[in-house]
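Generate coordinates for the entire structure from the input sequences, incorporating the hints supplied.
For the record, the sequence lines run as chains Z and E. Letter 550 of the first sequence, counting from 1, is numbered 550 in the UniProt record's numbering, and no numbers are missing. Letter 362 of the second sequence, counting from 1, is numbered 362 in the UniProt record's numbering, and no numbers are missing.
Read the hints as simulated data drawn from the structure, not as lab findings. Each hint should be verified, as a subset may be incorrect.
Unchecked claim - Think about it this way: if two alpha-carbon atoms lie no more than 35 Å apart in a straight line, the pair counts; the simulated DSBU-like pairs of lysine-lysine are:
#  : chain 1 : residue 1 : chain 2 : residue 2
1  : E       : Lys659    : E       : Lys669
2  : Z       : Lys63     : Z       : Lys288
3  : Z       : Lys403    : E       : Lys659
4  : E       : Lys651    : Z       : Lys426
5  : E       : Lys546    : Z       : Lys30
6  : Z       : Lys391    : E       : Lys721
7  : Z       : Lys424    : E       : Lys669
8  : E       : Lys659    : Z       : Lys460
9  : E       : Lys574    : E       : Lys536
10 : E       : Lys601    : Z       : Lys460
11 : E       : Lys708    : Z       : Lys460
12 : E       : Lys115    : E       : Lys231
13 : E       : Lys601    : Z       : Lys408
14 : E       : Lys711    : Z       : Lys391
15 : E       : Lys715    : E       : Lys669
16 : E       : Lys708    : Z       : Lys408
17 : Z       : Lys288    : Z       : Lys403
18 : E       : Lys576    : Z       : Lys87
19 : Z       : Lys403    : E       : Lys711
20 : Z       : Lys128    : E       : Lys601
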Amino acid sequence: MAASHLSGGRVNLAILREAARKELLECLDKCDGTKAVVWDEQLTGPFGLIAEYSLLKEHEVDKMFQLRPGRLPAANVNNIIFLCRPKLALMEIVAQNILKEEETGGSRKEFHIFFVPRKSLLCEQKLKELGVYGTFSNVDEYTLDLIPFDSDLLSMEIDSTFRDCYLEDDMTSMYYAAKSLMSVQALYGIIPTICGKGDCARHVADMMLRMRRELAGTEPQITPQIDCLLLLDRTVDLMTPLPTQLTYEGLIDEIFGINNTSVKLPPEKFASAKQQTGGPQEMPTEPKKLVLNSAEELYAEARDRNFHAIGPLLSRKAKLISAQFEERHGAKTVGEIKQFVSRLPHMQAAKISLANHTTIAEMIKEVTDSDHFMESLTVQQEFLNGIDTDKVNPYIEDCIARKEPIIKILRLVCIQSVANNGLKQKALDYYKREILQTYGYEHLITLNNLERAGLLTLQKQRTYPTTRKTLRLMVDDVSEQNPNDISYVFSGYAPLSVRLAQFLARPGWRSIEEVLRILPGPTFEEAQRIPVGLRKKRTSVGGGSESPKVTLVYFLGGVTYAEIAALRFLSQQEDSASDYIIATTKIINGHTWLEGLMDTLCPAPFPDTSTTSKSKGRG
Amino acid sequence: MAHVTGDWNPLGQVFYRKQEIYTLGWRDIDLDKFVVAAAPYGGPVALIRDETKLVRVQGSIRPVIYIYTSSGREISSIRWNSGHVIHLGWSCSEELLCVQEDGSVLVYDIFGQFKRTFSMGTEAKEMKVRDCRIFNSHQGTGLAVMTSSYRIFMVNNVDEPRIRRMADVPGLDAPPSSWVVISQDRQSRVLLARENDLYLLDHGGQYSRQLAPVSQQVEAYTEMAVSFNNKYLALFTNTGLLWIGSSDLERAYCEFDTKCPQRPKQLAWCGTGAIVGYWENILLMVGPGKDYVKYNVDSTVHLVPELDGLRILSNYSHEFLHKVPSVVECVFKIGSIEPGAMLYEASREFQNGSPKADEYIRMIQDRLTVAVDQCIQAAGCEHEPTTQRMLLRAASFGKCFLSDMNPEPFVRMCRTLRVLNSVRDFTIGIPLSCAQLEQLSMPVLIDRLVLRRQYPLAIRVCQYLKMPEAEGVSRILAHWACYKVQQTHVDDELIARSINEKLRDTPGISYSEIAAKAAECGRTELAIRLLEYEPKSAEQVPLLMKMGRDQLALAKAVDSGDTDLVYTVVMHLKEKLTLGDFLMTIRNLPTAQSLYLQYCKEQNREMLQDLYYQEDNFQESANCRVMDSYNETRMDERLRNLQQAQEAYTKARNEFAAKVTEEQVRLLKYQMRLEEELKRPYLDLSLHDTISQLTTEGNHKLAEQLRKEFKVPDKRFWWLKILTL
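And the structure:
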């Protein structure tokens, strides 16, 4: 995969990818001879963005397997390399793989394990307990932390961050986040200002400052390319992930799910578009996989728009393309024809891209036009506006009674709770009871988790209206076609997190001190000392032409596409105070986020029944 | 000032000069009565009384080893109370190697501190060592000993002694006439002469007889010497013949008849261009073209070969004999018309205010670059600062006439000379030449200064040369601190404070290394104080654990935010302490405790319950019981778990949860009854689904009963009815 789309921004993120690639190859080259790589399933996606298969092949990777219990598929290689997250559960699978492989005998193989992004003592200990630690020729780490997704987007793709930090008090992922920022600073220079809000943010900032002290004297001498780092806890803005995102990309994620910039779509629609002439043909059964990033011109333009603006955009593009194709009739001279032909591949690509997105937009429209969607959206908007947030909502009641998907219910109830700073005891108990009776008592733990995370709580002091008012979270007259405010991403609701970033850039946080006090966790601003020689030279003459500063906004605990879109919107404004780069621990939406907080309990099979359900520790 | 060429002696085409570099500071030392060992590269000199000579015994009869700098300042002395020393020598890292008769080698630093010892093997121990050679091998400093049974054992690197036995020489039943070690092509071999037979021995057990291309009849080779770079060899026969050739004996350069059959006291190479033999009161230097120079010496001397010359130590002075470098010859040779010489003259005239300067410059106008270069190079070859200065002044004068001269070589030479002059100073006593420094490299020179505890000078050199702090100043300060903590007579508090004062703002200091050193010296308290300053937790924590300061280690690990580090300490504590103590310890640190809880969640459910119990955390305890209930495969166990959960929820004052758990138990029991009665599966359906299923099956009465029992709201119940029917 080409990585040209990474280098388009103010800060060239392709360097980060290049560094990650180099390190991966160094890891692989530690093992002599042919190799089979066994992947932790969670890593295949992120790795696809770092290195393509052909590159691995050049480094003698002959086979690739998924890490699964049981025996490894046969492979005639010298080395078997496990690449996995440092999770205890995975260690058992690794051990099983190795023991089975040793049983088989055959040619002598060397085993290696690389933990991503860090080694863990517990995992090593577990491997020792399982009696396989000694068989490894290499136990090492591959420090892949932030993976470049696009020219302005980085993600660590660690799933359980929010849960670990707020339910389990396990700050390991914050340590990774701090380390990832250190690698960013190693490549792009020390970031002069660190601002943040929230407990985790404070923790990460402290660790960063500490790590810098540890580095003392060995820092790379680079002029800072990033001017400011804004660390934001997800807990500061629990609301934004919950409502349905209404940007194009956001909706694709809500409906189909985007993983590591690619989406899998139902194949039927695409088949009909392509094979109109072929008569009754076999339907493809494999889902259609599309890569979504700014390398695709049309997508780069469409993704951050409100979905209502997508229709006009697509039809305009369609006209443009057909006009371009019409030009061939106008081409008279050989030179003109030649010029036309040279443009052809580009035009063809644009045509295919247009066709794809028209199909996707149609599929989305089917969903958004449904009554369910509209009703749910109305309720969401009411809650966001603070209407009837303290009463049991009849629509939610109906949804529960119809036993609609539990996550939809939880999203709505959580929006209500957050917008109301918690529910009254009676309403809360009512909802909980309804949910437990309808979906099963096993959801009790999930409800407890949501309570701990502050998403579904008993009423506390009502501060949300103040926040809403001061930060102008609800904007009535937002234009979806030609937006003038970030609230277009939710057709009226402006993400709190992005508002914080906006206020930070202009006029500064001092103007919203009151709100910052209301929001949970400490607010802070730290300056990092930059050696004089490396400080940015502010052009003294004609300072007006100066390009805006670059802010890295790091969302600890996940970020949604809607927030990304809103930040990009801010960057694109003509008078923008800052350009934004976005980094996060994981790209989320309301569905995946709540799913991560659920504990899905299934009853263990009783010996006399033949059901195959088994218990899982967590979702 | 005498003319520079005053001390030049021609040897064939080239000149040699002997310059005094120091008037030795030692008093009452008669080299005649001592065995001398001087380290190359202007290193220290060790002296021990020569036991073959008769002396009047004064005081103790225990021998003393004196260590001096090259300028004759005493550094230390060692009162020897071990076995009989038969040989002294220096390693390349300036450690004193004392080879004893029993084959053991004792290693000391220049301050006479014992560092370590190793043995040359049991055979050497039993048979006694009679002779020894110390040489430079490709791995470092090598050492070879000959036992009284005329076997040779060798190690290639005294830092990692691995003993190799050299091949036996057939029929060797008397001491060999002479032997040397030749180290070439990554292998060290011994060249040994038995009368007039030469043998080359290697450690693979192979020997080969060599024939030296000597034209005359030879009875015995009584002395041999290998040049500093191992390329050339000199042999001396009992007929007084001196043969010079290549060390592989393939090429002969010359044979020179000394007319003195007496074996020289010492035979040593002067660089690579000449060989010097030392007889009583006479030094004879012979070049490869049969040319020779004779020097008279009035006292005992000791010769120390260097890579570009030969140092001569006598009772009073320290001299350096070396070939006059060709650039120096160009500039100073009488009648030289080289551009360098002209420029030098021009500069002198200019300083005298004479217009002749211009004339000279005009003469060499087009070769001025060469002239400047020659003057710069020549300055580097001079020992005397005044001469250096004159040459550099000439170079800088010449530079004025050039517009595009690269200033780098000039600046570099000035810097180098400044450093060299300061280490050559009498108080430091390292008489390095420019060529030697180039070979040795600047970092090694700094190491040597550190080794001599010349910390301030070392730091100034680093600062002057603008070395990166991490490899320069910081490293030196760390060494200084390590030395400081070994001063056991000074108070902990005082040392910690003085170390911190000096090191505070220096980046890249590894306090943990210093602390480790302190701990090694048994000063745990000091080590802990020092560790306080260590910014890297990953290095702080393990050391604290090693010293048994687990609490502190845990606190530091928590501070670092590195959860893996916390786990390291937690797991260590778990092994070490009793369970109760362990739990109490981690209780004080919430981060550690929650990490341990997390670990227990995955690995040890029982411990998890205990922990919740200890903390009166009934809510989590109940949650945990609920989760466990789903893992039970027996209904009664499951119910028991749920009932326990219910109790715990009550204790946690979570009435809602307690109530619904009670409801769940009721529902399960109800479902069991249903299953029994209706012989259909109902277990683990939700209440809603149970009612819905009953409705589908037409059991409206039972459905109604459930609705009442569990108080299902009307709205939902009717929705359910509508959707099911």
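Status of the hints after comparison with the structure:
In summary, the hint linking lysine 659 (chain E) to lysine 669 (chain E) is supported, as the alpha carbons are separated by about 15 Å, within the 35 Å threshold. Between lysine 63 (chain Z) and lysine 288 (chain Z) the alpha-carbon distance is near 24 Å, which keeps this suggested pair within the 35 Å criterion. For the suggested pair lysine 403 (chain Z) and lysine 659 (chain E), the alpha carbons sit about 23 Å apart, so the restraint of at most 35 Å is met. At most 35 Å may separate the alpha-carbon atoms for a hinted pair to count; lysine 651 (chain E) and lysine 426 (chain Z) meet this at roughly 21 Å.
Annotation: proposed proximity of lysine 546 (chain E) to lysine 30 (chain Z) holds, straight-line Cα distance about 32 Å (limit 35 Å). Only pairs whose Cα atoms come within 35 Å are accepted, and lysine 391 (chain Z) paired with lysine 721 (chain E) is accepted, the gap being roughly 25 Å. This hinted pair checks out: lysine 424 (chain Z) and lysine 669 (chain E) have alpha carbons roughly 32 Å apart, not beyond 35 Å. Taken as a hint, the lysine 659 (chain E) and lysine 460 (chain Z) pair is honoured in the structure, with Cα atoms around 23 Å apart against an allowance of 35 Å.
Restraint check for lysine 574 (chain E) and lysine 536 (chain E): satisfied, since their Cα atoms lie roughly 24 Å apart, inside the 35 Å limit. Proximity of lysine 601 (chain E) to lysine 460 (chain Z) is assessed by CA-CA distance (about 31 Å); at most 35 Å being required, the pair is judged to hold. Distance check on the hinted pair: lysine 708 (chain E) and lysine 460 (chain Z) sit about 33 Å apart at the alpha-carbon level, within 35 Å; holds. Distance check on the hinted pair: lysine 115 (chain E) and lysine 231 (chain E) sit about 33 Å apart at the alpha-carbon level, within 35 Å; holds.
The suggested pairing of lysine 601 (chain E) with lysine 408 (chain Z) holds, with an alpha-carbon distance near 29 Å, which does not exceed 35 Å. About 20 Å separates the Cα atoms of lysine 711 (chain E) and lysine 391 (chain Z), which keeps this hinted pair within 35 Å; it holds. A threshold of 35 Å between alpha carbons decides the hint, and for lysine 715 (chain E) with lysine 669 (chain E) the separation of about 26 Å falls inside it, so the pair holds. Taking the CA atoms of lysine 708 (chain E) and lysine 408 (chain Z), the gap is about 28 Å. The hint holds against a cut of 35 Å.
The hinted pair formed by lysine 288 (chain Z) and lysine 403 (chain Z) meets the criterion: a straight-line CA distance of about 31 Å does not exceed 35 Å. Taken as a hint, the lysine 576 (chain E) and lysine 87 (chain Z) pair is honoured in the structure, with Cα atoms around 25 Å apart against an allowance of 35 Å. Of the pairs offered as hints, the one joining lysine 403 (chain Z) and lysine 711 (chain E) holds, with about 18 Å between alpha carbons and a cut-off of 35 Å not exceeded. Restraint check: the Cα-Cα separation between lysine 128 (chain Z) and lysine 601 (chain E) comes to about 20 Å, which is no more than 35 Å; the hinted pair holds.
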